[in-house]
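Residues 13 to 325, numbered by my numbering, are exactly what the sequence shown covers, in order.
Hints may be right or wrong, so weigh each one.
To be verified - Straight line, CA to CA, 30 Å or less: simulated BS3-like cross-link-like pairs of lysine-lysine:
(1) K90 x K175
(2) K108 x K315
(3) K90 x K108
(4) K186 x K175
The set of hints was computed from the structure by calculation and includes no laboratory data.
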Amino acid sequence: MPIRIPDSLPATDILEGENIFVMTEHRAMHQDIRPLKVLLVNLMPTKIVTETQIMRKLSNTPLQVEVELVQTASHVAKNVSEQHLEAFYTTFDQIKDQRFDGMIITGAPVELLDFEDVDYWDELAAIMDWSAANVHSTFHICWGAQAGIYHHYGIPKYELPEKLFGVFDHTVVKPSSPLVRGFDDTFRAPHSRFTEVRAADIEAHPSLELIATSEEAGVYIAKSTDSRHFFVFGHPEYDAGTLQAEYERDIAKGMDMALPAHYFPNDDPAQQPRSTWRAHAQLLYTNWLNYYVYQTTPYDLDKVGSDDDGIQA
13 MPIRIPDSLP
23 ATDILEGENI
33 FVMTEHRAMH
43 QDIRPLKVLL
53 VNLMPTKIVT
63 ETQIMRKLSN
73 TPLQVEVELV
83 QTASHVAKNV
93 SEQHLEAFYT
103 TFDQIKDQRF
113 DGMIITGAPV
123 ELLDFEDVDY
133 WDELAAIMDW
143 SAANVHSTFH
153 ICWGAQAGIY
163 HHYGIPKYEL
173 PEKLFGVFDH
183 TVVKPSSPLV
193 RGFDDTFRAP
203 HSRFTEVRAA
213 DIEAHPSLEL
223 IATSEEAGVY
233 IAKSTDSRHF
243 FVFGHPEYDA
253 GTLQAEYERD
263 IAKGMDMALP
273 AHYFPNDDPA
283 QQPRSTWRAH
293 AQLLYTNWLN
303 YYVYQTTPYD
313 LDKVGSDDDG
323 IQA
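Take the sequences, apply the hints, and build the full model.
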């Protein structure tokens, strides 16, 4: 089954061109099935790129997924047209009376700021608080993961001596978790960040557990023991050329940037990089949707957040 998105969203043509099953609103209206309602809180400046990448990961499942795009009202986006935002995005105030099966909070290029100094922090904190009674399961990405694990569990972030930038090997530390069902013993994933959370802080918290780590990149996946919150500290949704685009952008700005580690063939930026993480990235999103959203969310969305809102560990 496909992802269900607006007919005219730019991602529609892109995904259909990649032979990904996309269902238009018109076709979805004629199916007698309740789709999973997933809220995408897109904090990235390159909103069209990010929404396309994440929708690609949500699409290859046997489920119908209806995605609602949300922007923060307290921040003015500068890298996307106002027409796109008006056509496809809503704000928290417009959806706060609804309930959702799942929510995804993206990363954002604000890692070196204290959380409370981010101009939309109060709004994001309100969304994360609201999710407790209105969202069945939440998937946090990169800075969104750092923000979520800090807000919900008080886990701090630490500045790194230099940007963690590249594609790194990871290992599963809790192979019994359905989240990593089907993963290889070693798998790869991209990272692009200036800060980190530490495994020791997560392991010391009784409500959190580590799922996957990297010797070079540190913590990659953690989750809450009640399976309400998932924290992915890399960017599994990235396309093959995303790190290349970031590298070229920073070099063009005159920044002294090292090559992304383990990324360009032979460490030669003239050679085309290849995705070596696509399969595990797809499996990560599919497992989250299947085992922690579809399998456990109430059929009646009004029961989300109630005593009848069962979930598995």
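Exercise. Please name the hints from earlier in the document that this structure breaks, with their numbers sorted from lowest to highest.
Key: none
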